[in-house]
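Engineer: Chains E and L, in that order, are what the protein sequence lines are.
The opening position of the first sequence corresponds to residue 1 in our numbering, with each subsequent residue numbered one higher.
The opening position of the second sequence corresponds to residue 1001 in our numbering, with each subsequent residue numbered one higher.
What the hints contain is simulated information worked out from the structure, not anything from laboratory work.
Check each hint, because a few of them may be wrong.
With a straight-line Cα cutoff of 25 Å, these simulated SDA-like cross-link-like pairs (lysine to any residue) come out [claimed, not checked]:
no., chain 1, residue 1, chain 2, residue 2
1, E, K303, L, T1005
2, L, K1007, E, K66
3, L, K1007, E, R306
4, E, K5, L, K1429
5, E, K15, L, D1395
6, E, K5, L, P1291
7, L, K1114, L, A1220
8, E, K211, L, D1365
9, E, K15, L, A1220
10, E, K70, L, G1092
11, L, K1429, E, V308
12, E, K66, L, D1365
13, E, K71, L, G1308
14, E, K5, L, E1359
15, L, K1152, E, K261
16, E, K70, L, E1359
17, L, K1023, L, K1007
18, L, K1231, E, K303
19, E, K261, L, K1114
20, E, K261, L, L1379
21, E, K15, L, K1114
22, E, K15, L, G1370
23, L, K1152, E, K5
24, E, K70, L, Q1358
25, L, K1007, E, G208
26, L, K1231, E, F205
27, E, K303, L, D1374
28, L, K1007, E, R317
29, E, K5, L, A1220
30, E, K5, L, G1092
31, E, K15, L, A1011
32, E, K71, L, K1007
33, L, K1312, E, L6
34, E, K303, L, D1395
35, E, K15, L, E1407
Here are some of the chain L residues that sit facing chain E, going by a computed Cβ distance under 10 Å [unchecked claim]:
no., residue
36, S1065
37, E1067
38, F1068
39, L1380
Beta carbons: idealized from backbone N, C-alpha and C, even for Gly.
Here are the chains, one letter per residue:
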Amino acid sequence: MDNQKLVFTPAPHLKDESTVGQAMRDVIIALIPVSLVAVYFFKFYAVFMIAVCMATAVITEWAFRKAKGKKTNLGDYSALLTGLLVALCFPATARWWMGALATFIAVGIAKEMMGGIGWNRFNPALFGRVAIIVIAPIIMLIGTNLLSLSANFGAVDVVTRATPLAMLKQGMQMPSIAKLFVAYPGGAMSEVSPLALLLGAAYLFYRGHIKWHIPVSILATVAVLTLVAGQNPLYHLFTGGIFLGAFFMATDWVTCPITDKGKLIFGVAIGVLIVLFRVVLAPTEGVAFSILIMNAFVPLIEKATRRVSYIDPALRREVAIPGQERATAKG
Amino acid sequence: MEVKTFKSGGAHIPHYKSYTENKPITRMAAPDEVIIPLSQHLGAPCEPLVKVGDKVEVGQKIGDSNEFISAPVHASISGTVTAIEPRPAYTGGEIMSVIIKSDGGPQEFVAKEKRDPEKMSVEELRQAIREAGIVGMGGAAFPTHANISVKKPVEYLVLNGAECEPFLTCDHRQMVERPYELVEGAKILMRCIDSHKCRIGIEENKPDAIQAVSEKARDAAGIEVVPLAVKYPQGNKDQLIEAAAGKFSVRGVRSSDVGCIIRNVGTTIACYDAVASGKPSMERVVTITGPTVPKSGNYIIKIGTRIGHVLKECGVESLDGYKVVLGGPMTGMALTDLEAGVVKGVTGILVLPPDMVQEEVAYSDCVRCGKCVDHCPMLLYPNELSRYAEAEMYDALMEWNIMDCMECGICSYICPAQRPIVHFIRMAKPTIRKMQRAAAGK
């Protein structure tokens, strides 16, 4: 028997079928329903924004990895996913170059310059989105003529409405809760349909990519606190970026705590911050800021919730540990 | 019956047992030559008791040691000693071995006398087990007499019939076919450790084994079969004593001091044979399996039979691009050389065809998905361990309790980034051990 060509690799010799690429692809699939609703309302504006951001993401990742002399990594779909997420954080009629710039910051700075996927501390898509808000005054300084640089696919009758969240803040007459939940245009593309996001999230649960701890703790915290503040929690849950944030952003593997206990603390804290933003501070991008702030606290949460090993003596105080009894006898 | 399991972590892994689970144990013809390593166990290696040219009988002791933690080795065939020299070991490297050429005789072990275990003293029982060279046959190969020589009574004898590794069925078949010997063996071990409670843990996917053993155990005082959930690594000692006896392992404490002695069911049957008929550990049941093995099955194989010979007997022709694993697929070792002989701790020989084998896997950085943390039965952080091991940061590894890892392999199995997590851990451990010894020596 020819045994020269035996394959030698370390144990284990079985592997399940999961890959990072498959997981990222599943998240993209989970975002298809909400993207379709956005396209339904905003037509070509939505298609164009999504295309611009995804293309920017791919080019940025390729360029940064090339510059660092690393293997390109597009097969793991993570750049495409970041591009899609950034696009969904913008209103469809936002200026396309803002989306592109946000994506460039997300993929290039928040992810690749932090060491690539796995090493980034902040959610790249949210980092990109928020960076645009922060640097907006600088853009204005550079020249207002930039602002006229925008795509025009003709009028879409839903673009000029106030966002539901702004309506809520200003005490305007609100659309029905059912309408808000199923589909209502206004604000960012991801905000058009909590139902569509929920569908996508259900798929992610089914595929085992996310756990319930973070989304449930965020939504429950927001519901309870807004109720305490004397407001209708459903209006808060079904408006703004809460669903996208709770199911797709805060659950990002890389930037959330790893243990279940940590995830719960993380989720509750995000919920508290969201309500704080909504009730006390400016209503714009409260979810994004809340998640990013808590991203920074993840190492602290990890430290505080670190579990002990299964055979750690601290878990079994009734068992006498050799050596330690002698130590106490001496002391 | 109530199904028990361990609480933390674990994973469901496809079990691939259908190839051999219904195949009765058969005897494989003795080979013309055997290569018997003088160390097939944890502990001190044996000194040879024979020299080149000596005639030996089946079952004759050919190597022994004066050390307490050691186990003698025996001739598995009758014939002539042709060499005593280093030969390839399946763990890599070479190991001093006695080579015996067959005299063409019947090669069956014949008991010289029948003994009644109940009429033997505890000391006699322990001695019989030692003389027979019985070691842990679930893979660990720790000398059994050392394990059962306890100074104070142990609450539980826990017998491991979980066989949670995919593919393997040798314990399953032995429980189905030799339940009487298993229960009698349990009684012997219970006397040796002065225990009055025995729990035999068997995973639920072996209902015939549960039934067969329960029937024989019904009239035996203190012996109970505990059906276990099918979850890997149900058969690791820490998880097994939790599920079967409600006991917990503690770092730095021997299992006998938390009230459990754990033995594999195959070992228990071997103990019965050793006591009742003086049969030494010179052959064992091995599962030869894999999707493409023509004559897969559960075979009684003489210790020292070349693995290449065993595979040929099972109809395996070419192995180009295949992987041959000794033991189960989760913790077993891939072979580079089929010259090595079967030893006492070999549970199975697994032939994985090219479509189940990935030669070089490109892995990426940890994406912190947390799956290894969720599934780690030892409640460790395999993600951190793999990162620190990759970076050779040994102090950090100690801080994250690397030595608590028992290398079940779930983390590597489940990692979407394809990181060889348990391999990183395994590679870092020798250095950690050295550091710990240096620290203790100070």
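Engineer: State for each hint whether it applies.
Structural biologist: Consistency of the hints with the structure:
Distance restraint check for K303(E) and T1005(L): the Cα-Cα separation of roughly 30 Å exceeds the 25 Å cut-off, and the hinted pair is therefore not satisfied. For the hint pairing K1007(L) with K66(E), the CA-to-CA distance comes to about 46 Å; that exceeds 25 Å, so the pair is violated. Only pairs whose Cα atoms come within 25 Å are accepted, and K1007(L) paired with R306(E) is accepted, the gap being roughly 18 Å. For the hint linking K5(E) to K1429(L), the alpha-carbon distance of about 29 Å lies beyond 25 Å, and the restraint is violated.
As the CA atoms of K15(E) and D1395(L) are separated by approximately 30 Å, the hinted pair breaks the 25 Å bound. Pair hint K5(E) plus P1291(L) holds up; C-alpha atoms about 19 Å apart against a cutoff of 25 Å. Annotation: proposed proximity of K1114(L) to A1220(L) holds, straight-line Cα distance about 22 Å (limit 25 Å). For the hint linking K211(E) to D1365(L), the alpha-carbon distance of about 22 Å falls within 25 Å, and the restraint holds.
Distance check on the hinted pair: K15(E) and A1220(L) sit about 42 Å apart at the alpha-carbon level, beyond 25 Å; violated. The suggested pairing of K70(E) with G1092(L) is violated, with an alpha-carbon distance near 35 Å, which exceeds 25 Å. About 20 Å separates the Cα atoms of K1429(L) and V308(E), which keeps this hinted pair within 25 Å; it holds. Proposed proximity of K66(E) and D1365(L) is supported: the alpha carbons are some 17 Å apart, at most 25 Å.
Proposed proximity of K71(E) and G1308(L) is contradicted: the alpha carbons are some 41 Å apart, above 25 Å. With a CA separation close to 11 Å, the supplied pair K5(E) and E1359(L) stays within the 25 Å bound. Pair hint K1152(L) plus K261(E) does not hold up; C-alpha atoms about 41 Å apart against a cutoff of 25 Å. Proximity of K70(E) to E1359(L) is assessed by CA-CA distance (about 22 Å); at most 25 Å being required, the pair is judged to hold.
Taking the CA atoms of K1023(L) and K1007(L), the gap is about 33 Å. The hint is violated against a cut of 25 Å. Between K1231(L) and K303(E) the CA atoms are separated by roughly 30 Å; this puts the pair beyond 25 Å, and the hint is violated. At roughly 60 Å between alpha-carbon atoms, K261(E) and K1114(L) are farther apart than 25 Å, so this suggested pair is violated. For the hint pairing K261(E) with L1379(L), the CA-to-CA distance comes to about 14 Å; that is within 25 Å, so the pair holds.
This hinted pair does not check out: K15(E) and K1114(L) have alpha carbons roughly 48 Å apart, beyond 25 Å. Restraint check: the Cα-Cα separation between K15(E) and G1370(L) comes to about 17 Å, which is no more than 25 Å; the hinted pair holds. Restraint check for K1152(L) and K5(E): the C-alpha separation of about 52 Å exceeds 25 Å, so the hint is violated. A C-alpha spacing of about 23 Å is found between K70(E) and Q1358(L), which places the hinted pair at or below 25 Å, so the restraint holds.
Simply put, K1007(L) and G208(E) have alpha-carbon atoms about 20 Å apart, close enough for the 25 Å limit, and the pair holds. As the CA atoms of K1231(L) and F205(E) are separated by approximately 22 Å, the hinted pair is consistent with the 25 Å bound. For a cut-off of 25 Å, the pair hint linking K303(E) to D1374(L) stands: about 17 Å separates their Cα positions. With a CA separation close to 19 Å, the supplied pair K1007(L) and R317(E) stays within the 25 Å bound.
Our distance criterion of 25 Å between C-alpha atoms is broken by K5(E) and A1220(L), whose separation comes to about 52 Å. Between K5(E) and G1092(L) the CA atoms are separated by roughly 16 Å; this keeps the pair inside 25 Å, and the hint holds. Distance restraint check for K15(E) and A1011(L): the Cα-Cα separation of roughly 12 Å lies within the 25 Å cut-off, and the hinted pair is therefore satisfied. Using a Cα cut-off of 25 Å, the hinted pair K71(E) and K1007(L) is violated, with the two alpha carbons roughly 41 Å apart.
Distance hint between K1312(L) and L6(E) is fulfilled; the C-alpha atoms sit about 15 Å from each other, no more than 25 Å. Taking the CA atoms of K303(E) and D1395(L), the gap is near 17 Å; set against the 25 Å cutoff, the hint holds. For the suggested pair K15(E) and E1407(L), the alpha carbons sit about 15 Å apart, so the restraint of at most 25 Å is met. Hint status for S1065(L): violated, given a least beta-carbon distance of 26 Å to chain E, over 10 Å.
A distance limit of 10 Å between C-beta atoms decides the matter here; for E1067(L) the minimum to chain E is near 22 Å, and the interface restraint is violated. For the restraint placing F1068(L) at the interface with chain E, the shortest Cβ-Cβ distance is roughly 19 Å, beyond the 10 Å limit, so the hint is violated. At a threshold of 10 Å, the smallest CB-CB gap from L1380(L) to chain E is about 6 Å, leaving the interface hint in force.
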